[in-house]
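Just so you know, the protein sequences line up as chains A and B, in that order.
Residue numbering for the first sequence follows our numbering, beginning at 1 and increasing consecutively.
Residue numbering for the second sequence follows our numbering, beginning at 298 and increasing consecutively.
Mixed in with the good hints, there may be bad ones.
Said to hold, decoys possible - Below, a sample of chain A positions facing chain B; criterion: calculated Cβ distance under 7 Å:
id, residue
1, Thr15
2, Leu35
3, Ser38
4, Ile82
5, Val85
6, Pro154
7, Gly158
8, Val223
9, Met225
10, Val279
What the hints contain is simulated information worked out from the structure, not anything from laboratory work.
Values in this document were obtained by computation on a predicted structure and should not be read as measured data.
We put the beta carbon where it would ideally sit given N, CA and C, even for glycine.
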Amino acid sequence: MQQAVGARTIESRRTPWLMVLPALLLILAINIVPLVYSTVLAFFQWNLIQAATPPRFIGIDNFIRLITRDPQFISATLNTGIMVVATVAVQTVLGVAVALLLDQKLRFTGVATTLLLIPLALAPAVVGLLFSSLFNSTLGPVNYLLNAIGLPAPSWLGDAKWALASVIIVDTWQWTPFMILLTLAGLRSLNPEPIEAALVDGASAWQRFRYVKLPMLLPVLTVAMLLRAIDSFRTFDLVFLLTFGGPGTSSTTMSFYGFKVGLQNFDIGRASAIAFLMVQVFIIFVLLFYSRSKDQL
Amino acid sequence: MKPKPLVRAAQYVALLVVVVVFTAPTLWMLLGVFKRNVEHRAHPPVLIPSDPIGAASDTIRFAFEGSPVPLDQVFVNSLVVALGTVVVTLLVGTTAAYSFARFRTGGGSLPFFILTLRMAPPIAVALPFFLVFRVLGLLDSQLGLIIAYTTFNLPLVIWLLRSFFRELDPSMEEAALVDGASRWQSLRHIALPLAIPAIASTGLLVFIFSWNEFFFATLLTSSDGRTIPALLPLFLPRSISAGQPLGASFFIAAVSAVPMIILVLFLQRYLIRGLSLGAAKE
Numbered sequence: 001m002q003q004a005v006g007a008r009t010i011e012s013r014r015t016p017w018l019m020v021l022p023a024l025l026l027i028l029a030i031n032i033v034p035l036v037y038s039t040v041l042a043f044f045q046w047n048l049i050q051a052a053t054p055p056r057f058i059g060i061d062n063f064i065r066l067i068t069r070d071p072q073f074i075s076a077t078l079n080t081g082i083m084v085v086a087t088v089a090v091q092t093v094l095g096v097a098v099a100l101l102l103d104q105k106l107r108f109t110g111v112a113t114t115l116l117l118i119p120l121a122l123a124p125a126v127v128g129l130l131f132s133s134l135f136n137s138t139l140g141p142v143n144y145l146l147n148a149i150g151l152p153a154p155s156w157l158g159d160a161k162w163a164l165a166s167v168i169i170v171d172t173w174q175w176t177p178f179m180i181l182l183t184l185a186g187l188r189s190l191n192p193e194p195i196e197a198a199l200v201d202g203a204s205a206w207q208r209f210r211y212v213k214l215p216m217l218l219p220v221l222t223v224a225m226l227l228r229a230i231d232s233f234r235t236f237d238l239v240f241l242l243t244f245g246g247p248g249t250s251s252t253t254m255s256f257y258g259f260k261v262g263l264q265n266f267d268i269g270r271a272s273a274i275a276f277l278m279v280q281v282f283i284i285f286v287l288l289f290y291s292r293s294k295d296q297l
Numbered sequence: 298m299k300p301k302p303l304v305r306a307a308q309y310v311a312l313l314v315v316v317v318v319f320t321a322p323t324l325w326m327l328l329g330v331f332k333r334n335v336e337h338r339a340h341p342p343v344l345i346p347s348d349p350i351g352a353a354s355d356t357i358r359f360a361f362e363g364s365p366v367p368l369d370q371v372f373v374n375s376l377v378v379a380l381g382t383v384v385v386t387l388l389v390g391t392t393a394a395y396s397f398a399r400f401r402t403g404g405g406s407l408p409f410f411i412l413t414l415r416m417a418p419p420i421a422v423a424l425p426f427f428l429v430f431r432v433l434g435l436l437d438s439q440l441g442l443i444i445a446y447t448t449f450n451l452p453l454v455i456w457l458l459r460s461f462f463r464e465l466d467p468s469m470e471e472a473a474l475v476d477g478a479s480r481w482q483s484l485r486h487i488a489l490p491l492a493i494p495a496i497a498s499t500g501l502l503v504f505i506f507s508w509n510e511f512f513f514a515t516l517l518t519s520s521d522g523r524t525i526p527a528l529l530p531l532f533l534p535r536s537i538s539a540g541q542p543l544g545a546s547f548f549i550a551a552v553s554a555v556p557m558i559i560l561v562l563f564l565q566r567y568l569i570r571g572l573s574l575g576a577a578k579e
């Protein structure tokens, strides 16, 4: 009997780990090992096109070359920075504004809320394809409408001044509904008492939003903004379908440049160095995310 | 306090604008399937196609004949890869999520560390995958994509189901343990049946994310293993020869999009919960 109980305790102490073991082994094999491999490759020179040349250790040369002698990389880094800041800012402001509208006691808000899910269902590649048609400079309906109301109609995807902006606009189209619906869920779960108290005290609609609702929404909004930033940081699909990084490098993001270097020029070492730098930035995002989301998730 | 009629009217106009802006592009896609090339190029844009049936059948025929990989095979690839990823991630992820939720296995930071793998820049694992798959012959294969998609969906499954199991009242399971059931039995017979809806919703999310995935599909497949999104660039107007139906790309896009739109309408708010990693509670 004693023995049976002892065996059972060991069994039950082991069980929690047995339950996570398959997942941990899988994650080790397909997430961690590749990440380590990629990190190691960042310090090697290895080009698959020169099949005869084996990988050669070159220390931090890949990084030095990227930063000092690769204007395309610098441009991709800047573009990615602009992309992250612009998409997060625009989508947050628009998202909160539309959520406040949907939170009014209007009819049809239920239908509208459901329709807002549709952009989120689409593959980013599908969205890219759709907007390459909508933004077509001569045939597209967007420029037709702009012309019709007398506004200038730029060559969205073919003009270096507008290409990155187009990617940002399309990303905003797809992801603003996420910010809207998340904010709306937040608004509807707010404690109504402080809002009613502010109303009794004669606060205007703007004051009620700015000083009562917004502070209460801020924790969940911050998490959403960080998630959007992390996602926007690795933008690839939209660029591939809308502009293919061009004209020139005007809409090339870091992910897209890493793809070009690694899988079009087959410069594995340099592409791994780009991936390594992206992971370092990503870790900063994650640390921020962790400190902001501990109580939210 | 009721708003003034003028304010109300402005709110309805704004609501209409919002709905039009966020639905029109999808309608444009569906409309594109039914238009002839002259109508694709017409100014003003054609909203009512003259010969929808004829145009659509030409478009669809070209999509099937012009596709470098048979379209039905691409469709099957997408289906197999998405379903395969759902099965693998749920099978491995559910027990792990349960263990993290109930026994705090590995402390609080291990689940969070796993979650971060969901969001990592995919290029960091994509290059090693490309190199290793080349050697193992997994390039252009369904299995290769299932492996790649598991990297970012397994962390999501673990995280979402963990938060679900934590919301589940543990008293029934505790009672079962006192009565001599093992932890496996209390998971199998008590927690799991209650978790079916959450597991199903999570599975649908994984299906959508895998079905829609583009980056790995583009990098790790080139012909036989292509999925629907990875086929799209080949039907862009710049990729097809002059005179071929421009609607073909809209058709492929619609084949990709319509099933997902239906799934998302089923999921409703769970989609936002999943996308926000649980920050938005239902």
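Here is how each hint holds up against the structure:
{"no.": "1", "hint": "Thr15", "verdict": "holds, 4 Å"}
{"no.": "2", "hint": "Leu35", "verdict": "holds, 6 Å"}
{"no.": "3", "hint": "Ser38", "verdict": "holds, 5 Å"}
{"no.": "4", "hint": "Ile82", "verdict": "violated, 17 Å"}
{"no.": "5", "hint": "Val85", "verdict": "violated, 18 Å"}
{"no.": "6", "hint": "Pro154", "verdict": "violated, 17 Å"}
{"no.": "7", "hint": "Gly158", "verdict": "violated, 11 Å"}
{"no.": "8", "hint": "Val223", "verdict": "holds, 4 Å"}
{"no.": "9", "hint": "Met225", "verdict": "violated, 11 Å"}
{"no.": "10", "hint": "Val279", "verdict": "holds, 5 Å"}
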